[in-house]
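*Asks:* First residue of the sequence shown: 113, per the working numbering; consecutive thereafter.
Everything labelled a hint here was simulated from the structure, so no lab data went into it. Just so it is clear, the structure is predicted and the values come from calculations on it, not from any experiment. Among the clues, some could well be false.
The following label-pair restraints were derived from C-beta to C-beta distances [unchecked claim]:
id : residue 1 : residue 2 : range
1  : Gly-158   : Glu-189   : 16 to 24 Å
2  : Pro-175   : Gly-360   : 52 to 60 Å
3  : His-216   : Pro-175   : 46 to 54 Å
4  : Gly-436   : Arg-260   : 26 to 34 Å
5  : His-472   : Pro-394   : 52 to 60 Å
6  : Arg-142   : Glu-189   : 14 to 22 Å
All residues carry an ideal CB built from backbone N, CA and C; glycine is no exception.
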Amino acid sequence: MHRPTGPHHQAPHPPDPAVLAALLARHGWRRRGGQPGRYSRWTPPGPTAGATSLLLPDDPAFPDSADLLAEAVTALEHSPHPSADAVLHALHTPGDEVHVHREHPEPPAPAAPWAGQDRLRTATRALLLAAALAAHGPAAHHGARHRRRAETALAPVLVTAAPDGQALTAHVPLHAPPDGGRPLVTTLLDALRATRAATDQCRATGSTDGYTTAVTHGGSRELTDAVAALVHGCAAARVTVHWAPAAGPPPGAPARPAPVTFTPDDLPALREAAARYIHQEPALPVTLTGTVVRLRRESPWGPGTVRLRVLSGADVTHVRATLGAEDYRVAGYAHLAGVPLTLTGRLESRGGFRRLAGAHDAVPARTGEADHDHMLKSLRENLDALAGKREHDQGHG
Numbered sequence: 113m114h115r116p117t118g119p120h121h122q123a124p125h126p127p128d129p130a131v132l133a134a135l136l137a138r139h140g141w142r143r144r145g146g147q148p149g150r151y152s153r154w155t156p157p158g159p160t161a162g163a164t165s166l167l168l169p170d171d172p173a174f175p176d177s178a179d180l181l182a183e184a185v186t187a188l189e190h191s192p193h194p195s196a197d198a199v200l201h202a203l204h205t206p207g208d209e210v211h212v213h214r215e216h217p218e219p220p221a222p223a224a225p226w227a228g229q230d231r232l233r234t235a236t237r238a239l240l241l242a243a244a245l246a247a248h249g250p251a252a253h254h255g256a257r258h259r260r261r262a263e264t265a266l267a268p269v270l271v272t273a274a275p276d277g278q279a280l281t282a283h284v285p286l287h288a289p290p291d292g293g294r295p296l297v298t299t300l301l302d303a304l305r306a307t308r309a310a311t312d313q314c315r316a317t318g319s320t321d322g323y324t325t326a327v328t329h330g331g332s333r334e335l336t337d338a339v340a341a342l343v344h345g346c347a348a349a350r351v352t353v354h355w356a357p358a359a360g361p362p363p364g365a366p367a368r369p370a371p372v373t374f375t376p377d378d379l380p381a382l383r384e385a386a387a388r389y390i391h392q393e394p395a396l397p398v399t400l401t402g403t404v405v406r407l408r409r410e411s412p413w414g415p416g417t418v419r420l421r422v423l424s425g426a427d428v429t430h431v432r433a434t435l436g437a438e439d440y441r442v443a444g445y446a447h448l449a450g451v452p453l454t455l456t457g458r459l460e461s462r463g464g465f466r467r468l469a470g471a472h473d474a475v476p477a478r479t480g481e482a483d484h485d486h487m488l489k490s491l492r493e494n495l496d497a498l499a500g501k502r503e504h505d506q507g508h509g
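Construct the complete structure from the given sequences, taking the supplied hints into account.
*Replies:* In structure tokens form, the structure reads like this:
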């Protein structure tokens, strides 16, 4: 997810005038006169004195429509207005748009827009990340699982912000990596609606059962945390989805989805839901294989803690585990030998599925048959040597 940089995106030639008009209206441009049925004139939001004026044909069949469209695109490319780049990007890369707006009771101080914009960007990214995780598969608490895949889904998302720091638009290309694109946007819309309904139920009845139902629609601890961060410090936060004009709405979806709004009054229910989601997601029994990247223990002969970079067996990148003395020595050998280690245990949701509880049965991972036999023989020799050294040290202690 990135800010627009570099030169303006080159729009297809010639663009569809209906698509261009829809994008201009979406980004606040105003239609000011023209000749009905032949062309329309558009000006950007804000003061109109000296502003760029675009002339768009209503019908691409008119003889001069191609020239008018080319002139309009050129005018957008040279327009200093912040919305011009977003319109050109949407023409070049069709996609859905997620508009996020924070309302403040009073105008922000001159220095406040920068801080507000950073908070808005962070919260919006958290919303989109939660949607990408849910698009891969629903869960009450995703934790560290599938996070790399979800971050990849956000890579092509373009973000533009309003100068006042209170509004932001995320442009999500229709065709994107798995769990991105339109599935991400539809999941986000469903999840926000379900979370809104569950929050209303919780505030009216005190029951948090609706949040369990919301999980099947994409609700999660990550989403409720993102919504809470979005709402904190403002009067209200509103999320609106606009479908790509070139593609239209997905099957069964409204052409113009209603905005989903949250207020600070929703924060207690959202925080209660986040806590519920952590306890709701069960621990996962796993047997995983990873490379040992860190070892630590207080005494030379007792239990210790290891950190593994996961290669297989779990949908997280790293885990920590506390091992008994024998398993710790096996892990130390695997680290020194440069071979992966296999462990069995339970990934706990409380730690974001980053902690392997009850870890046991540490074994160097099998590679080739000859290499495996050699590693086991070397391991036994090293363990025997270590045990002999321990007895020697204890005898002279």
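*Asks:* Between Gly-436 and Arg-260, does the beta-carbon spacing fit 26 to 34 Å?
*Replies:* holds, 31 Å
*Asks:* Can you let me know if the beta-carbon spacing of Arg-142 and Glu-189 is within 14 to 22 Å?
*Replies:* Cβ of Arg-142 to Cβ of Glu-189: about 20 Å, so the range 14 to 22 Å holds.
*Asks:* Is the distance from the Cβ of His-472 to the Cβ of Pro-394 consistent with 52 to 60 Å?
*Replies:* violated, 19 Å
*Asks:* 52 to 60 Å was suggested as the range; check whether the CB atoms of Pro-175 and Gly-360 agree with it.
*Replies:* At 28 Å between Cβs, range violated.
*Asks:* Lying within 46 to 54 Å: is that true of the beta-carbon distance His-216 to Pro-175?
*Replies:* Taking Cβ atoms as reference, His-216 and Pro-175 lie about 50 Å apart, which means the hint holds.
*Asks:* I want to verify a distance hint. Is the separation of the beta carbons of Gly-158 and Glu-189 within 16 to 24 Å?
*Replies:* holds, 19 Å
Going down the numbered hints, you'll see the structure goes against 2 and 5, while the others check out.
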